[in-house]
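K.L.:
Residue-level listing of the chains:
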Amino acid sequence: MGQTLLDKVWDAHTVRELPNGQSQLFIGLHLVHEVTSPQAFQMLAERGLSVRYPGLTFATVDHIIPTDGSTRPYVDGMAEQMFVAIERNIEQTGIPFFDRSTGRQGIVHVIGPELGLTQPGMTIACGDSHTSTHGAFGAIAFGIGTSQVRDVLATQTISVAKPQCRRITVDGKLADGVFAKDVILAIIGRLGVQGGVGYAYEYAGDVFDAMSMDERMTVCNMSIEGGARVGYVNPDETAYAYLQGREYAPKGDDFDSARHWWSDVASDADATYDDQVDIAGESIAPMVTWGVNPGQVLGVDELIPSPEAVEGLERRSIEDALDHMKLTPGAPIAGTPIDVAFVGSCTNSRISDLREAARVAEGGRVPAHVKALVVPGSQQVKTEAEAEGLDDIFRAAGFEWRDAGCSMCLAMNPDKLVNDQVCASSSNRNFKGRQGSPLGRTLLMSPAMVAAAAVAGEVTDVRALAAG
Amino acid sequence: MTDDGRITHVAGTGVPVRGNDIDTDRIIPARYLREITFETLGPHAFEDERRQLNGKHPFDDARFTGASVLVVNRNFGSGSSREHAPQALMRRGIKAIVGEGFAEIFFGNCTTIGIPCLTLPATQIESLQSLIEEAPETALAIDVGRGAITAGQATYQAELPAPVREAFVSGEWDALSSLLESDDAISAVHDRLPYIAGWSAR
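Note that the protein sequences, when read in sequence, are chains H and U.
Count along the first sequence from 1, add 1, and you get the number used in our numbering.
Count along the second sequence from 1, add 4, and you get the number used in our numbering.
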């Protein structure tokens with residue numbers, strides 16, 4: 002009987018079955034950032050343990066870093082303290098560190114792939130739930146808590162239960178104006194934000210086959226928003242072509258050897274799955290969230306739902322979400338006025354995201370009352386975008402052009418919503434308070450849709466813009 | 005918890021926090037992730053919701069003061085992997101959580117720091133939440149090994165995966181000690197993975 006990629010990678014990395022019934026899984030690549038690591042290093046020190054394989058952990062700074070050109074020491078004393086802590090921990094352990102001075106700093110889930118660190122068949126862990134991003138390469142990648150960051154530092158392993166595997170097949174072709182972000186939002190809308198608990202999602206079919214690596218990363222990134230801790234696409238020529246020539250990718254003969262191994266870890270044609278879901282690519286419209294979790298989502302041409310349609314706690318969830326969002330049931334989501342537009346985050350801050358947003362923004366003008374910002378995912382993405390002149394397009398259209406970081410996705414740096422502002426955002430979470438104001442309202446959508454909303458000052462169907 | 009780390013029973017009173025899909029951003033807002041220690045998080049659990057509800061959040065309701073069992077609904081702890089969320093609840097005095105279901109990373113984080121998360125069907129959660137709201141002084145007792153919950157005269161049979169249950173009862177819920185025991189086996193896996201050992205060795 003055939004095996005899935007999940008089965009093969011799991012077997013190759015299992016150290017042993019633990020007394021607690023879980024697997025002790027070896028982690029081939031560990032990524033660290035400033036926010037979820039200080040306590041882990043502290044716990045390690047308290048137990049008198051050292052870092053077992055410093056060469057398998059790589060660190061950067063992304064969550065809390067200002068993107069407005071601020072320099073050290075930072076005005077925010079707590080941010081400064083976090084930087085001092087990670088620098089001290091790096092110095093004491095010898096972990097490679099991509100800070101700003103290297104030109105390779107950026108969001109951890111952008112730089113891992115960009116540097117060629119992320120490769121097919123690996124196990125990858127990071128103290129960040131969006132680690133699922135790296136599954137785009139056919140890696141099994143987990144978000145972990147800080148105690149598990151400690152475990153990886155000390156042992157290069159974690160205790161984890163093997164998930165079940167659900168294959169999600171999207172066949173056919175996407176319509177113009179429909180992007181990877183819309184595909185994953187449609188999947189979450191269909192299966193729910195808890196639908197993936199206990200599962201790894203394997204994404205298969207024509208639509209994922211045709212996607213670039215950037216697009217696959219967008220899809221895998223939001224697996225966790227559907228409850229699945231792990232999501233992946235089987236590695237193929239698109240993945241190998243992306244890796245060729247990257248700094249940490251194998252070179253020369255090694256690349257050829259690696260290619261064989263990578264091909265072997267892909268799911269077998271006769272692999273069995275615990276569950277299968279099929280979605281028609283043609284059925285997916287540009288998506289927009291209307292509520293306070295990513296499953297509360299609809300097509301831009303649809304109407305905001307009415308709580309009367311459902312019963313019990315679910316009705317209460319809809320009422321609560323509409324109350325927070327100050328939206329009217331039965332009204333169209335298109336035309337909802339916005340105050341802020343954010344292009345960025347580990348979901349959508351790569352070069353192709355910026356190109357799509359720039360294409361829509363070009364020649365337009367953000368109204369004076371809308372604050373629009375573009376935050377590239379890494380220093381390298383920023384440099385590449387500037388070489389293509391994207392920064393000029395954005396500036397001419399009235400967008401701010403920022404330095405790399407997580408920025409307004411979770412507003413740990415100075416980029417925050419104010420009061421009950423509405424933000425058209427290419428990020429991954431529309432939770433209450435997520436973008437820095439407890440009353441803030443987030444509408445998740447693709448970067449092209451964010452650019453369209455920024456220029457129009459309201460939620461706009463990017464398909465109409467393209468046709469016009 | 006006993007001196008040897010075994011968590012076999014949790015006893016105390018309860019506090020219900022109603023709602024599906026309560027995410028970890030709501031449990032602890034991201035601005036508190038700027039702390040480089042978990043010690044100070046307790047008072048900030050659910051801070052933004054509590055401020056908006058102006059004293060009407062269950063965590064501010066004097067009837068639930070000192071509660072150690074949190075009773076929640078579906079997909080509690082979704083979203084961010086921040087361990088700060090269970091750390092904040094623990095430092096606020098929560099020793100066990102009973103819910104219809106939990107997000108995976110949150111469940112794992114809770115287990116690792118010694119908070120059992122038990123599940124009950126939706127209707128029983130509703131009944132337990134109502135019972136606590138009507139009689140907040142009701143003594144709750146959780147037998148972790150059996151998954152049995154008593155609330156006054158009422159009893160419930162909760163689910164907890166057998167290996168996780170065993171980890172609490174044996175005191176091995178923090179996996180690090182077990183992980184450290186596999187020294188040679190870890191090296192063996194390290195040495196056989198081609199992307200670490202080298203591609204030419206294949």
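Since the hints were made in silico from the structure, they are not lab data.
Among the hints, a few may not be true.
Unchecked claim - Derived contacts from chain U toward chain H, CB cut-off under 10 Å, selection only:
| id | residue |
| --- | --- |
| 1 | MET5 |
| 2 | PRO33 |
| 3 | ILE40 |
| 4 | THR41 |
| 5 | GLU53 |
| 6 | ASP65 |
| 7 | PHE68 |
| 8 | ASN113 |
| 9 | THR115 |
| 10 | THR116 |
| 11 | ALA126 |
| 12 | GLU130 |
| 13 | LEU135 |
| 14 | ALA171 |
| 15 | ASP178 |
| 16 | LEU183 |
Stated by the list, open to error - Each pair of labels, with its calculated beta carbon distance range:
| id | chain 1 | residue 1 | chain 2 | residue 2 | range |
| --- | --- | --- | --- | --- | --- |
| 17 | U | PRO165 | H | VAL419 | 30 to 36 Å |
| 18 | U | PRO165 | H | ALA176 | 22 to 28 Å |
| 19 | H | GLY22 | U | ALA158 | 45 to 51 Å |
| 20 | H | ASP172 | U | ALA139 | 38 to 44 Å |
| 21 | H | ASP275 | U | ALA192 | 26 to 32 Å |
| 22 | U | ALA192 | H | SER51 | 50 to 56 Å |
| 23 | H | GLY246 | U | MET5 | 40 to 46 Å |
A quick note: this is a predicted structure, and the numbers were derived from the prediction, not measured.
Think of the CB as a built atom: it goes at the ideal place given N, C-alpha and C, for glycine as much as any other residue.
K.L.:
If a hint holds in the structure, say so; if it doesn't, say that too.
P.N.:
Hints, verified against the model:
The criterion of a C-beta within 10 Å of any C-beta in chain H is not met by MET5/U, whose closest approach is roughly 16 Å, and the hint is violated. Evaluation of the PRO33/U hint against chain H yields a held restraint, the C-beta minimum of about 6 Å falling below 10 Å. Taken as an interface hint, ILE40/U checks out: its beta carbon lies about 4 Å from the nearest beta carbon of chain H, inside 10 Å. Because the smallest distance between the Cβ of THR41/U and any Cβ of chain H comes to about 7 Å, under 10 Å, the interface hint for this residue holds.
With 10 Å as the threshold, the beta carbon of GLU53/U comes within range of chain H, its nearest partner Cβ sitting at about 8 Å, so the hint holds. The closest approach between the C-beta of ASP65/U and any C-beta of chain H is roughly 19 Å, which is over the 10 Å cut-off, so the hint fails. Nearest Cβ of chain H to the Cβ of PHE68/U: about 20 Å, over the 10 Å cut. The hint is violated. Taken as an interface hint, ASN113/U checks out: its beta carbon lies about 4 Å from the nearest beta carbon of chain H, inside 10 Å.
Nearest Cβ of chain H to the Cβ of THR115/U: about 9 Å, under the 10 Å cut. The hint holds. Below 10 Å, beta-carbon pairs count as interface contacts, and THR116/U has one with chain H at about 4 Å; its hint therefore holds. Interface hint status for ALA126/U: upheld, as the beta-carbon distance to the closest one in chain H is roughly 8 Å, under 10 Å. Taken as an interface hint, GLU130/U checks out: its beta carbon lies about 8 Å from the nearest beta carbon of chain H, inside 10 Å.
Checking LEU135/U against chain H: minimum C-beta separation of about 17 Å lies over 10 Å; hint violated. For ALA171/U, the shortest C-beta to C-beta distance to chain H is roughly 4 Å, which falls under 10 Å, so the interface hint holds. Given hint, ASP178/U at the interface with chain H, holds; its Cβ is 7 Å from that chain's nearest Cβ, closer than 10 Å. Proximity of LEU183/U to chain H holds as hinted, the smallest CB-CB distance being about 4 Å (cut-off 10 Å).
Between PRO165/U and VAL419/H, the C-beta spacing of about 44 Å breaks the proposed range 30 to 36 Å. The supplied range of 22 to 28 Å is broken by PRO165/U and ALA176/H, whose beta-carbon atoms lie about 43 Å from each other. For GLY22/H and ALA158/U, the Cβ-Cβ distance of about 30 Å falls outside the hinted range of 45 to 51 Å, so the restraint is violated. A hinted range of 38 to 44 Å for the beta carbons of ASP172/H and ALA139/U is inconsistent with their spacing of about 55 Å.
Roughly 30 Å separates the CB atoms of ASP275/H and ALA192/U, a value that falls within the hinted 26 to 32 Å. Hint check: ALA192/U to SER51/H, Cβ distance near 20 Å, so the stated range 50 to 56 Å is violated. The beta-carbon spacing between GLY246/H and MET5/U, approximately 54 Å, falls outside the hinted interval of 40 to 46 Å.
Of the numbered hints stated above, those contradicted by the structure are hints 1, 6, 7, 13, 17, 18, 19, 20, 22 and 23, listed in ascending order.
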